[in-house]
Amino acid sequence: MDSLRKGLFAGLIAGLVLALLYFVDYGPGTNLHTVAKWFALDSKDAGGYIGFVLLLILGALFGLAFGGFQRGREVTLTHAIISGLILGIAWFVILVLLLGTIVGHVTPGLYGFMLFIATSLLYGLLVGMLYYQNPLSRTSK
Amino acid sequence: MISSTRGQSRLTTTASEASGATPAPITLSERSMMVFALIRIAVGYLWFQQLVWKMPPTFKGLHPYLVKEAMYTILPGYSPIIQHIFLPNFILLAACVWTAELIASLCLIFGIFTRFGALLSALLATQLYLGLAFAPGEWYWTYGMLVLLGLVIATVPAGRRLGLDQFIAPRLQAAASSSRLARFLSWFA
Numbered sequence: 029m030d031s032l033r034k035g036l037f038a039g040l041i042a043g044l045v046l047a048l049l050y051f052v053d054y055g056p057g058t059n060l061h062t063v064a065k066w067f068a069l070d071s072k073d074a075g076g077y078i079g080f081v082l083l084l085i086l087g088a089l090f091g092l093a094f095g096g097f098q099r100g101r102e103v104t105l106t107h108a109i110i111s112g113l114i115l116g117i118a119w120f121v122i123l124v125l126l127l128g129t130i131v132g133h134v135t136p137g138l139y140g141f142m143l144f145i146a147t148s149l150l151y152g153l154l155v156g157m158l159y160y161q162n163p164l165s166r167t168s169k
Numbered sequence: 033m034i035s036s037t038r039g040q041s042r043l044t045t046t047a048s049e050a051s052g053a054t055p056a057p058i059t060l061s062e063r064s065m066m067v068f069a070l071i072r073i074a075v076g077y078l079w080f081q082q083l084v085w086k087m088p089p090t091f092k093g094l095h096p097y098l099v100k101e102a103m104y105t106i107l108p109g110y111s112p113i114i115q116h117i118f119l120p121n122f123i124l125l126a127a128c129v130w131t132a133e134l135i136a137s138l139c140l141i142f143g144i145f146t147r148f149g150a151l152l153s154a155l156l157a158t159q160l161y162l163g164l165a166f167a168p169g170e171w172y173w174t175y176g177m178l179v180l181l182g183l184v185i186a187t188v189p190a191g192r193r194l195g196l197d198q199f200i201a202p203r204l205q206a207a208a209s210s211s212r213l214a215r216f217l218s219w220f221a
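Order-wise, the sequence lines are chains A and B. Numbering of the first sequence is given in our numbering, commencing with residue 29 and proceeding in unit increments. Numbering of the second sequence is given in our numbering, commencing with residue 33 and proceeding in unit increments.
Excised from the complex, chain B in its bound form (with noise of 0.2 Å):
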């Protein structure tokens, strides 16, 4: 479990711990936080400018790029389906990605059910991986650390500071107790 604390600004090791007897909890200070939740609106930044150069009602910039996943991806099965699946019905399929990276990015500008947004764009970034990363004039990486920093989002409440998590986690937490939805909401505060 991560939280934080203030004034605190290194990890602490138990005695319990250095004897190897159980893992202390690991605090991150505010001050780790608060570049978390700076970090967090950068990749949120990132998500969101990624719109203009697929903007509707045509999403043209983004057929290109379909194209040549069907061309160059490495998982075996995807082409065919990009050909005669996603290729023919180009505005829905451009539609739902737009949509989806515009929740992904106000979720992480906004600090709001952050890591939905994290997961949702490590998600995205998967997809890219498994059609662009192996592409001619792309660097594999690129989409690996998309993954990476959606991923590394997910893990830390980092909606919880300059973020309306901080106002919305605590109140999930108390209504957890009394209601299933609170609970798994609360997951992605």
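Same shape as in the complex, but just chain A (with noise of 0.2 Å):
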């Protein structure tokens, strides 16, 4: 259960961190419209919108598959680095590649393949090391 919660937890921060750097880009929130458009979702108004509640939601809950993959395990910093990183990269095949193409069909240019590609393993680091450092349970003794 506490590893559920950290997973959680990391998750969470993580989306967050990945939803306020897509809000700051050229447009503004040109990226978080991508986002909405992974679940045909976008509309010129909301679709910004969406697409930040969407990252919060989807950072929660590859957190949450995280945190139950490392149930029972002794996450040393390298295991957390390396799961993490793992975990940025399925974020990008399901998320960006799977579902960016065949629902939102959105084809990134070499451009957004490179940021996607980099923002993804940044989540997937930034859910380990928030995983491996463990502030809730820091700030719950």
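Bear in mind the hints are in silico, worked out from the structure with no lab data behind them. Where hints are given, some of them may not hold.
What the hints assert, rightly or not - Label-pair distances were calculated between CB atoms; the ranges are:
1) A:T129 <-> B:S210: 27 to 35 Å
2) A:I117 <-> B:A214: 39 to 47 Å
3) B:W173 <-> A:R101: 31 to 39 Å
4) A:F141 <-> B:N121: 44 to 52 Å
5) B:T174 <-> A:I117: 44 to 52 Å
6) B:H95 <-> A:V103: 44 to 52 Å
7) B:S111 <-> A:I117: 44 to 52 Å
8) A:H107 <-> B:V67: 43 to 51 Å
9) B:V84 <-> A:L126: 40 to 48 Å
Glycine residues also receive a C-beta, built at the ideal position from the N, C-alpha and C atoms.
Two chains, each in its own frame: build the complex with the hints.
In structure tokens:
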């Protein structure tokens, strides 16, 4: 249960960081619209907000899955980094490549590809590091 | 020396510092280090975003800025260098600039050899300051702040929280006694 809670917290924070980064782009918030497009939920007015909320929800869900995989394991720094980066790759493949192209019909150009792979890996790294550093359990002590 | 300790939330002043004998080491809290890490990520993202308007293979967006630098640089002798060396070899120069910005941004985003990335970003920003800061329509502090951001991140081990330097730095420091390369690289982590 503790690992799920830690994973959820780490995923939520990492998702929030990603959502904030996607907000401050040329647009503003163009990449938040891209996130909404992954689920075919984009609209001119509300697409940015939908993308923001989706990133929080997806971040939390992926974090929860991360916590589930870590259940009963002793998480070292090396383990947290590697499994976090694997989570980032899973995020990129599932959301950007599969969902983005199949549901959203979003084909990223070279920059879009670079941006989403970098930010997906960043998400994974943040989840791994936050899970390892576990600020939640530290503050609850 | 700056270090991070759990649970210590404010700077401490020892009796020796109060008497003016020796300055006490400054300790940054865990929370402060996390904030620094988030700032590092944001600055890295700032540099990453600037790749979009000068993408290879043409690096088209960079050309007007280089011409502007040749016209308005404040560094004596820099304008002829831009006109006679950089502009005729634009693709090569642009590829180097683009690659340098990519490396700086990735170092900062992932916190890997963060100080190297921060110094590289400060160097790139210094070049922008010298070339563009006083061009019409530019606010000179834009580039000044970019230089300062790079220098601030270089002075704090911002990659050791939420970054890969947390993994790399202790290993390099452990190897530093037997390896000159490790000692050299450890400064950048």
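Each hint, compared with the structure:
no.: 1; hint: A:T129 <-> B:S210: 27 to 35 Å; verdict: violated (50 Å)
no.: 2; hint: A:I117 <-> B:A214: 39 to 47 Å; verdict: violated (29 Å)
no.: 3; hint: B:W173 <-> A:R101: 31 to 39 Å; verdict: violated (50 Å)
no.: 4; hint: A:F141 <-> B:N121: 44 to 52 Å; verdict: violated (28 Å)
no.: 5; hint: B:T174 <-> A:I117: 44 to 52 Å; verdict: violated (36 Å)
no.: 6; hint: B:H95 <-> A:V103: 44 to 52 Å; verdict: holds (49 Å)
no.: 7; hint: B:S111 <-> A:I117: 44 to 52 Å; verdict: holds (47 Å)
no.: 8; hint: A:H107 <-> B:V67: 43 to 51 Å; verdict: violated (26 Å)
no.: 9; hint: B:V84 <-> A:L126: 40 to 48 Å; verdict: violated (24 Å)
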